[in-house]
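Keeping the supplied structure of chain S fixed, place chain W upon it in accordance with the hints.
Respectively, the protein sequence lines represent chains S and W. The opening position of the first sequence corresponds to residue 1 in UniProt numbering, with each subsequent residue numbered one higher. The opening position of the second sequence corresponds to residue 1 in UniProt numbering, with each subsequent residue numbered one higher.
Hints in this document: simulated from the structure, not taken from any laboratory. It cannot be assumed that every hint is accurate.
As the list makes no split between identical chains, a pair holds if one copy fits it or if it spans any two.
[To be verified] Distance condition first, Cα-Cα at most 30 Å in a straight line; then the derived DSS-like pairs of lysine-lysine:
{"no.": "1", "residue 1": "Lys523", "residue 2": "Lys322"}
{"no.": "2", "residue 1": "Lys322", "residue 2": "Lys582"}
{"no.": "3", "residue 1": "Lys582", "residue 2": "Lys416"}
Spelled out, the chains give:
2 protein chains.
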Amino acid sequence: MDGETDTASHLSQVTVAANSKKSGKGRMIALRRYLPIADWGRSYDRGAFSNDLVAAVIVTIMLIPQSLAYALLAGLPPEAGLYASIAPILLYAVFGTSRALAVGPVAVVSLMTAAALGQIAEQGTMGYAAAALTLAFLSGAMLLAMGLFRLGFVANFLSHPVIAGFITASGILIAASQLKHILGVAAEGHTLPIMLGSLFEHLGETNPITLVIGIAATAFLFWVRKGLKPMLRNMGVGPKAADFVTKAGPVAAVFVTTFAVWALGLEERGVRIVGEVPQSLPPLTLPPMSLDLLEALVLPAFLISIIGFVESISVAQTLAAKKRQRIDPNQELIGLGAANLGAAFTGGYPVTGGFARSVVNFDAGAETPAAGAFTAVGLAIAAVALTPLVYYLPQATLAATIIVAVLSLVDFSILKRAWIYSKSDFAAVLATILLTLVAGVEVGVSAGVGLSILLHLYRTSRPHIAEVGRVPGTEHFRNIHRHKVETDPRVLTLRVDESLYFANARFLEDFLHNRIARDPQIKHVILQCTAVNDVDLSALESLEEINRRLAEMGVTLHLSEVKGPVMDRLQKVHFLQDLTGKVFLTQFEAVKAITRPA
Amino acid sequence: MDGETDTASHLSQVTVAANSKKSGKGRMIALRRYLPIADWGRSYDRGAFSNDLVAAVIVTIMLIPQSLAYALLAGLPPEAGLYASIAPILLYAVFGTSRALAVGPVAVVSLMTAAALGQIAEQGTMGYAAAALTLAFLSGAMLLAMGLFRLGFVANFLSHPVIAGFITASGILIAASQLKHILGVAAEGHTLPIMLGSLFEHLGETNPITLVIGIAATAFLFWVRKGLKPMLRNMGVGPKAADFVTKAGPVAAVFVTTFAVWALGLEERGVRIVGEVPQSLPPLTLPPMSLDLLEALVLPAFLISIIGFVESISVAQTLAAKKRQRIDPNQELIGLGAANLGAAFTGGYPVTGGFARSVVNFDAGAETPAAGAFTAVGLAIAAVALTPLVYYLPQATLAATIIVAVLSLVDFSILKRAWIYSKSDFAAVLATILLTLVAGVEVGVSAGVGLSILLHLYRTSRPHIAEVGRVPGTEHFRNIHRHKVETDPRVLTLRVDESLYFANARFLEDFLHNRIARDPQIKHVILQCTAVNDVDLSALESLEEINRRLAEMGVTLHLSEVKGPVMDRLQKVHFLQDLTGKVFLTQFEAVKAITRPA
Chain S
1 MDGETDTASH LSQVTVAANS KKSGKGRMIA LRRYLPIADW GRSYDRGAFS NDLVAAVIVT
61 IMLIPQSLAY ALLAGLPPEA GLYASIAPIL LYAVFGTSRA LAVGPVAVVS LMTAAALGQI
121 AEQGTMGYAA AALTLAFLSG AMLLAMGLFR LGFVANFLSH PVIAGFITAS GILIAASQLK
181 HILGVAAEGH TLPIMLGSLF EHLGETNPIT LVIGIAATAF LFWVRKGLKP MLRNMGVGPK
241 AADFVTKAGP VAAVFVTTFA VWALGLEERG VRIVGEVPQS LPPLTLPPMS LDLLEALVLP
301 AFLISIIGFV ESISVAQTLA AKKRQRIDPN QELIGLGAAN LGAAFTGGYP VTGGFARSVV
361 NFDAGAETPA AGAFTAVGLA IAAVALTPLV YYLPQATLAA TIIVAVLSLV DFSILKRAWI
421 YSKSDFAAVL ATILLTLVAG VEVGVSAGVG LSILLHLYRT SRPHIAEVGR VPGTEHFRNI
481 HRHKVETDPR VLTLRVDESL YFANARFLED FLHNRIARDP QIKHVILQCT AVNDVDLSAL
541 ESLEEINRRL AEMGVTLHLS EVKGPVMDRL QKVHFLQDLT GKVFLTQFEA VKAITRPA
Chain W
1 MDGETDTASH LSQVTVAANS KKSGKGRMIA LRRYLPIADW GRSYDRGAFS NDLVAAVIVT
61 IMLIPQSLAY ALLAGLPPEA GLYASIAPIL LYAVFGTSRA LAVGPVAVVS LMTAAALGQI
121 AEQGTMGYAA AALTLAFLSG AMLLAMGLFR LGFVANFLSH PVIAGFITAS GILIAASQLK
181 HILGVAAEGH TLPIMLGSLF EHLGETNPIT LVIGIAATAF LFWVRKGLKP MLRNMGVGPK
241 AADFVTKAGP VAAVFVTTFA VWALGLEERG VRIVGEVPQS LPPLTLPPMS LDLLEALVLP
301 AFLISIIGFV ESISVAQTLA AKKRQRIDPN QELIGLGAAN LGAAFTGGYP VTGGFARSVV
361 NFDAGAETPA AGAFTAVGLA IAAVALTPLV YYLPQATLAA TIIVAVLSLV DFSILKRAWI
421 YSKSDFAAVL ATILLTLVAG VEVGVSAGVG LSILLHLYRT SRPHIAEVGR VPGTEHFRNI
481 HRHKVETDPR VLTLRVDESL YFANARFLED FLHNRIARDP QIKHVILQCT AVNDVDLSAL
541 ESLEEINRRL AEMGVTLHLS EVKGPVMDRL QKVHFLQDLT GKVFLTQFEA VKAITRPA
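Okay, chain S solo, but in the shape it has when bound (with noise of 0.2 Å):
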């Protein structure tokens, strides 16, 4: 055991990541730790360029027809998916780390913005959209203060499969959030009960044309999705062309239904469109600041937060793996935390790093963040040129490619594996899934962390003891209960599989306390610390009590294999001194001492 060495080493670590801040080159560093533009732009050259050039044009079509529908998601005007993906990639591509992350709307963000604005205002109101700006001015000054007070750990407690059951959860909300465009009717609610119930009523009102175009859309969509690639391939078609279209499968969607609305006049027959979108670069925008607004909004702002964040770093940390490249999670805050900024200042909402636009872009060569930077370009041209060519696009198309898109995300498998791996976990997981189905998606997410830390806690607080002898002729001490070994009847060995903290000090108490009523012979009890790797000061309090009750039964207390760091920590305080028995570097050493004859 090494044991002693460990807070001294990770003290040390810690020294070392703190003097870096001031050391030689300290500016310098400095300023590369906070805009590692400073590390790359320097190194910038043609062959980067043009790589990040091609990306930048791939990523620009397939975002287009992106941005407005996760606006329409959102319950915003088409113009703000636009706006909240120009300022934000440029931001962030100041200020991130990850050199192939695509940052603006997606899909669960905008939903979550959706419900928190739903509690707020009515869709379609100017109060509604500046609403938004506030919620994303919220969620960049949080991301912002967690960078910069290195909190990234927060993201931590969000469980992997707490996540998975609220990406699985949304995609379904999303996607029942879509039906009312693919039927042309008008439905509200943001819980899957009150979103059927809603659409259920209005069936009656649905538009023949629209339900016509969204099914359509839909199912050509899927087919671009599931079919399209293979039979390119089929025909010789190479892998990466073929890629292309399969991406641009959605432009062609709504080329194909705009034109349709347009040649046929639908929008008269009820077909609704997305209508008059300026034609603009992104406005200056101040977010309303009014007290009610933002209490209202701090909650759901926090959660956007981190649910965004967390699926962007895990984004950027897969694509960084692939080429060896560094991610900063706390960089990364800082990144996301501007983005977030500049989409409030700018007629945006919420944004996030996005996994299917940063693959794109990954994938079509990307090599900078610059990248980024000329798609931004890209879509300010299409906000000022091309918005009214979407003007006759029906929002069915739109709701179409996003239901094509987040069932993608629809993957209750992580139930399956949660259940044969861990029930605690699984209980998380459908927890988390039902409440965000029924209850939204606020309440869902709360509920997953909260149940899944409770959880844990349950687990610890009950760790496994083990009463050990040991096996004959070695050293070694082993459960009494699955192994042939010595033991002698006045001496109790218990082996704690966890740290003692103030969760598991009682029941620690109470096994011991009820062991030794049981069983009048005992004179000696030895605690074996191998697995504990720290003692609070509960667990303090509570070996004190032990050994003090221990004392009063006429049984003496020993401990063994003690590691360093709850050593030192023990020697602070008179525990030591007051053991009734003393303190033994080895299980062996303990029980020969102690049962070695007078």
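This is chain W only, laid out in the frame that chain S set:
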């Protein structure tokens, strides 16, 4: 490592416990389990009877003024204190497992009762006393439910330092709340700033005679507590007799001040007295059950239950240890639950096992819960026959007994101790003390619990990770920063000193990712899992992700010294098949196999 046996043996223990309900003498065991009286009752004899009777007389004398005083503290009519001591003691005698625990009103729970009811109704109104019944009912129902569902572990989340801080702050609050009775003024508030502010406002209305009585009684009781016993012992009085006289101090104060008020007619000069107390056995009462009331009281009732349970069980265990007796925490919950339900239906208020009264009971020689039953009879006689005697008892005297009793609870040494031992425990205590004083008991204890859980999660979310190498000539592997060890530049071995779970899964991912990105020589990573007691689903997915990312970097991942239960779980999923490297029984074997020349 005999890890593989651990889950199984743990399960087998659980099975044994579960089976005992159904085995041979099943019904008898079940009866004894839920009715401990069936156990000790059968061997009750004349010796135990006379010991119990003596203890009961002493405790009864002590409890009469104490019960009146605590009722005053809770803001209830004095008889409520007596009633709360009668049925609850009897019910605990039937259902509780402690032989010496004395159940009834205690200081901290009385304070919490006052804080909870203060939000519902005015002190002294009918609604206030009725709400106290509802509070006792809710608390009893919760304790009973926790006992039946074996949820006693919930109390473990109150860490020792948080309890210590809470008790100290409560002591200060209680003492402050009694100052108004010493001054003879009307003041209000349930937090220190409001209490002191209100007192200061009414300072001009101080009743001088009340003040004289209050100060004299307080000084006398302090002297009895600190000076009387040594004096008696010096005068040659035996230790038992000296002890008894000391315990009777409050009774003397009650007698003298009551006589003074009666003889000098002080109640006509503004000295507040206890006044008329009905001469009656505990009445049958029905706690009001309106939904509003239940909703308002459910959280306070939960906190009262938990705090009461923690106080009670620690007293019970301390006393049981002295005689090697067993306490069953879940049965204790049932006992306390029954006691509180008893209080709810007989005009009382929430009760628990008190420290002072239990120690007196134990020291006086109580052998079985029958001592409690006799005490109940004594108090019932007092309620019927003695209440007219306390008509002239000044409230200031009762306040003095409370102040002197609770000041012994105030102990700031926990702050120093926590500061020395663990800064995170210190933060939790300090927050508990400050918030209890300035924001009230409910906020204080909740914040303490929340903070200690968060700090624990934070600690385990950043586990110590040591990079280890082989100590030359041995099979031992130690921290490379602390020992001269042999390493191979192609092989990185990390030892994580914590179970892997969602809160630290990403930490390990980041750590490894950054470590490998820095060092392109590395071709093999070994995770030495000696201290990993658990791998939850999030950590499993992190390991899979690490495996996948390392593979993309051309690095092989191996595991060594995986514990049995962890291995069992890993075998349920595909991870071990997907692992690019191998699982080695020991770290030594791993390094030997990997670095073996080809």
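*Go through the copies and call it for Lys322 and Lys582: within, between, both or neither, with a Cα cutoff of 30 Å.*
This pair counts as between: shortest inter-copy Cα distance 22 Å, intra-copy 53 Å.
*Up to 30 Å between alpha-carbons, please classify Lys582 paired with Lys416: within, between, both or neither.*
between (49 Å within a copy, 26 Å between copies)
*asked:* Regarding Lys523 and Lys322, is the shortest C-alpha distance of 30 Å or less found within a copy, between copies, in both, or in neither?
replied: between (60 Å within a copy, 15 Å between copies)
Against the hints set out earlier in the document, no violation occurs for any number.
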